[in-house]
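> Sequence:
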Amino acid sequence: MTFNRLILVLAVVMCHQLWAQQDTIVPLKEVIISDTQLRDFSNTQQVLVLNDSVIGINQASLTSFLNYNTTIYFKENGLGMVSSPSFRGTTAQQTAVIWNGININSQLNGQTDFNVINTRDFNAIDVRAGGGSVIYGSSAIGGSIHLNNELEYKEKFTNELRANYGSFNTLGLHYAGTMATDKFSASLSFTRNSSDNDYDYVGKDGHNLNGQYYNNSASATVGYKINQKNVLTYYSYLFEGERHFSLIFPSETRTKYDNFDTRNMLEWTGYYGRFTSKLKAAYLSEKYKYFDNIYEEDYSYGKSESVIGKYDLLFQINSKMKLNSVLNFTQTKGYGSSLEGAERHIGSASVLFSHSVTDKLMYEAGIRKEATNNYESPFLYSAGAKYRFSDFYLLRVNGSKNFRIPTFQDLYWQGSGNTDLKPESSIQGEIGNEFTIKNASLSVTGYYIKLKDMLRWLPTGSVWRPQNTDRVKTYGIETVFKYNREFNAHKLGLTAVYGYTRSENEDTGYQLVYVPYHKASGALSYGYKRLTAYYQFLYTGEVFTRSDNNSRYNLDAYTTGNIGAEYTFGKTTTYKLGAQVLNVWNADYVSVDSRQMPGRNFNFYFTLKL
Numbered sequence: 001m002t003f004n005r006l007i008l009v010l011a012v013v014m015c016h017q018l019w020a021q022q023d024t025i026v027p028l029k030e031v032i033i034s035d036t037q038l039r040d041f042s043n044t045q046q047v048l049v050l051n052d053s054v055i056g057i058n059q060a061s062l063t064s065f066l067n068y069n070t071t072i073y074f075k076e077n078g079l080g081m082v083s084s085p086s087f088r089g090t091t092a093q094q095t096a097v098i099w100n101g102i103n104i105n106s107q108l109n110g111q112t113d114f115n116v117i118n119t120r121d122f123n124a125i126d127v128r129a130g131g132g133s134v135i136y137g138s139s140a141i142g143g144s145i146h147l148n149n150e151l152e153y154k155e156k157f158t159n160e161l162r163a164n165y166g167s168f169n170t171l172g173l174h175y176a177g178t179m180a181t182d183k184f185s186a187s188l189s190f191t192r193n194s195s196d197n198d199y200d201y202v203g204k205d206g207h208n209l210n211g212q213y214y215n216n217s218a219s220a221t222v223g224y225k226i227n228q229k230n231v232l233t234y235y236s237y238l239f240e241g242e243r244h245f246s247l248i249f250p251s252e253t254r255t256k257y258d259n260f261d262t263r264n265m266l267e268w269t270g271y272y273g274r275f276t277s278k279l280k281a282a283y284l285s286e287k288y289k290y291f292d293n294i295y296e297e298d299y300s301y302g303k304s305e306s307v308i309g310k311y312d313l314l315f316q317i318n319s320k321m322k323l324n325s326v327l328n329f330t331q332t333k334g335y336g337s338s339l340e341g342a343e344r345h346i347g348s349a350s351v352l353f354s355h356s357v358t359d360k361l362m363y364e365a366g367i368r369k370e371a372t373n374n375y376e377s378p379f380l381y382s383a384g385a386k387y388r389f390s391d392f393y394l395l396r397v398n399g400s401k402n403f404r405i406p407t408f409q410d411l412y413w414q415g416s417g418n419t420d421l422k423p424e425s426s427i428q429g430e431i432g433n434e435f436t437i438k439n440a441s442l443s444v445t446g447y448y449i450k451l452k453d454m455l456r457w458l459p460t461g462s463v464w465r466p467q468n469t470d471r472v473k474t475y476g477i478e479t480v481f482k483y484n485r486e487f488n489a490h491k492l493g494l495t496a497v498y499g500y501t502r503s504e505n506e507d508t509g510y511q512l513v514y515v516p517y518h519k520a521s522g523a524l525s526y527g528y529k530r531l532t533a534y535y536q537f538l539y540t541g542e543v544f545t546r547s548d549n550n551s552r553y554n555l556d557a558y559t560t561g562n563i564g565a566e567y568t569f570g571k572t573t574t575y576k577l578g579a580q581v582l583n584v585w586n587a588d589y590v591s592v593d594s595r596q597m598p599g600r601n602f603n604f605y606f607t608l609k610l
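Residue 1 is where the sequence shown starts when you use the working numbering, and the numbers rise one by one after that.
Just so you know, these hints were derived from the structure itself, not from any lab.
Please read these numbers as outputs of a predicted model, since none were measured by experiment.
Don't take every hint at face value.
Unchecked claim - Straight-line distance between alpha carbons at most 20 Å, and here's what the computed SDA-like set of lysine to any residue pairs gives:
no.: 1; residue 1: 289; residue 2: 353
no.: 2; residue 1: 154; residue 2: 52
no.: 3; residue 1: 529; residue 2: 570
no.: 4; residue 1: 450; residue 2: 509
no.: 5; residue 1: 422; residue 2: 459
no.: 6; residue 1: 491; residue 2: 158
no.: 7; residue 1: 360; residue 2: 390
no.: 8; residue 1: 401; residue 2: 353
no.: 9; residue 1: 576; residue 2: 528
no.: 10; residue 1: 183; residue 2: 205
no.: 11; residue 1: 609; residue 2: 579
no.: 12; residue 1: 473; residue 2: 506
no.: 13; residue 1: 360; residue 2: 397
no.: 14; residue 1: 303; residue 2: 283
Unchecked claim - Distance windows between CB atoms, simulated:
no.: 15; residue 1: 152; residue 2: 440; range: 48 to 54 Å
no.: 16; residue 1: 173; residue 2: 433; range: 31 to 37 Å
no.: 17; residue 1: 489; residue 2: 441; range: 49 to 55 Å
no.: 18; residue 1: 39; residue 2: 441; range: 17 to 23 Å
no.: 19; residue 1: 230; residue 2: 355; range: 26 to 32 Å
no.: 20; residue 1: 268; residue 2: 397; range: 35 to 41 Å
no.: 21; residue 1: 359; residue 2: 440; range: 38 to 44 Å
Positions of the beta carbon are idealized from the N, C-alpha and C atoms, including for glycine.
With these hints in hand, go ahead and build the complete structure from the sequences.
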């Protein structure tokens with residue numbers, strides 16, 4: 001598809017919008033969200049919703065939050081260091097992170113570092129398992145993580161301040177404020193985290209050296225209802241941090257890494273009868289500096305800037321059918337110490353359809369095509385259905401084709417980049433079963449992913465270059481169990497997740513490195529009036545660290561857990577005191593070879609709400 005055709009489609013869509021403005025007025029909803037595709041076109045896949053209460057009892061980093069609440073495995077180079085996920089046995093570049101409907105994976109290396117995202121800056125975090133490239137583009141192969149800022153349009157004025165202090169001189173400060181009327185709504189947050197991060201190694205001599213870090217983040221969401229048809233919303237996020245990278249041996253040179261990321265987006269939403277129009281303009285930037293010796297001023301650096309235009313038109317055909325067309329254009333430029341000629345323009349068009357045939361049966365489908373001069377993009381598609389046999393049992397099926405584009409480093413790294421690379425592509429399918437009895441629910445999902453043209457950096461003579469080489473098949477089972485019950489003044493909650501994953505190189509038959517066969521986590525909570533206590537559990541199975549699966553170098557399985565309790569005082573103004581014991585069993589474990597994690601440590605926090 002050429003850019004001219006994309007422009008033609010845009011013109012047609014705009015005509016539809018103008019015609020739609022003559023329709024009857026539909027009252028605007030109280031709650032405005034930007035990522036409406038997650039709500040409207042993800043019904044045949046498993047979406048795990050993690051709300052404010054879950055965010056509040058977990059640590060601030062997105063790594064810790066998802067590690068204890070999902071089947072995603074994280075490679076973390078020590079506490080607070082670089083962290084990358086493996087979702088359903090895929091790589092970090094095959095997991096998409098979506099900020100208010102926009103894909104924010106790095107244009108430089110194709111992934112997101114999950115330790116540079118503070119969970120408390122968002123009031124809704126959702127995990128969508130399985131393929132999602134038709135909606136969210138590159139990287140949504142294993143799954144996608146959705147960070148959303150929602151706005152309410154009703155009289156409201158709240159302020160919340162949270163402070164925590166813990167072992168290793170770990171300090172956290174967070175402020176969140178909201179102010180809203182029936183026409184105006186604003187939400188602001190500021191977060192500061194820092195730590196000396198000098199923990200002792202469990203069962204070994206020595207302690208974590210050169211691991212100190214700090215980070216600051218700010219988030220703002222502001223919305224204004226122009227009239228009964230139109231609303232403007234502005235989203236902004238800023239992150240600035242510095243990390244010294246932990247040493248394996250005391251004799252190593254001390255290094256550090258500074259990064260500064262910004263995201264800004266203006267959104268105009270129009271409600272015109274059966275049409276909902278959404279126009280977005282966004283600017284994203286990322287910048288890093290790497291000091292290979294902290295005692296010297298020299299550093300290497302990289303930077304990318306992206307301008308995104310997105311038009312989304314939803315047509316409510318009738319009470320049971322929805323048709324959604326989405327046009328997107330992205331221009332990205334990259335700069336850096338080792339990047340040359342890094343620039344690309346990508347246009348895409350998607351069509352999504354959803355049909356609730358009866359109260360029991362619904363299905364949805366979508367297609368997407370991108371156009372760019374940098375590589376040949378595949379035609380993407382998805383389709384799924386769900387059927388509720390009874391109040392007890394629901395069946396979901398879904399299939400899709402997805403992809404992951406080469407990064408700037410793959411294409412343009414000076415002396416090593418390969419401009420002839422093709423995108424990775426995958427065919428995948430899944431079957432989900434959901435069982436519900438009174439206060440309990442159980443979801444069991446089986447999946448299969450077949451990936452080709454996987455990108456790997458391989459030696460070519462005296463240099464390493466990226467090549468499309470591997471074919472990988474991944475299959476497994478995910479289960480999610482939830483139980484909640486209230487009786488008198490008591491509240492009991494139990495959540496447990498388990499994942500079995502096989503991710504194999506088809507040529508060798510070996511399991512991919514850093515993909516455990518087994519991972520399980522869960523949480524048990526009990527509340528009585530103003531007191532809440534909870535226990536979190538995490539088990540990670542043995543992992544391979546060598547591509548030939550040499551067991552000599554395997555990382556051992558480990559089990560760890562956290563306990564905590566909090567008590568709330570006050571009525572209109574509330575005060576909350578909490579304490580946590582992290583790694584309560586003092587487990588000796590690593591998630592990356594030779595990168596020791598901390599033993600038992602403590603955290604205390606105070607929250608004021610008014």
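> Give a verdict on every hint.
A quick look at each hint next to the structure:
1. 289 / 353: violated, 44 Å
2. 154 / 52: Roughly 19 Å between the alpha carbons, so the hint for residue 154 and residue 52 holds.
3. 529 / 570: Holds. Residue 529 to residue 570 sits at ~12 Å (cutoff 20 Å).
4. 450 / 509: holds, 14 Å
5. 422 / 459: holds, 18 Å
6. 491 / 158: Outside the cut-off at roughly 26 Å; violated.
7. 360 / 390: With Cα atoms ~8 Å apart, residue 360 and residue 390 stay inside 20 Å; holds.
8. 401 / 353: holds, 16 Å
9. 576 / 528: holds, 14 Å
10. 183 / 205: violated, 61 Å
11. 609 / 579: OK: residue 609 and residue 579 at ~18 Å, within 20 Å.
12. 473 / 506: Holds, at about 7 Å.
13. 360 / 397: Roughly 14 Å between the alpha carbons, so the hint for residue 360 and residue 397 holds.
14. 303 / 283: holds, 14 Å
15. 152 / 440: 48 to 54 Å: Given about 31 Å between the Cβ atoms, the range is violated.
16. 173 / 433: 31 to 37 Å: About 44 Å separates the Cβ atoms of residue 173 and residue 433, which means 31 to 37 Å is violated.
17. 489 / 441: 49 to 55 Å: The hinted range 49 to 55 Å is violated for residue 489 and residue 441, with Cβ atoms some 24 Å apart.
18. 39 / 441: 17 to 23 Å: For residue 39 and residue 441 the Cβ distance comes to about 19 Å; the hint holds.
19. 230 / 355: 26 to 32 Å: Since the Cβ atoms of residue 230 and residue 355 sit about 28 Å apart, the hinted range of 26 to 32 Å holds.
20. 268 / 397: 35 to 41 Å: Because 36 Å falls inside the window, the suggested range holds.
21. 359 / 440: 38 to 44 Å: violated, 23 Å
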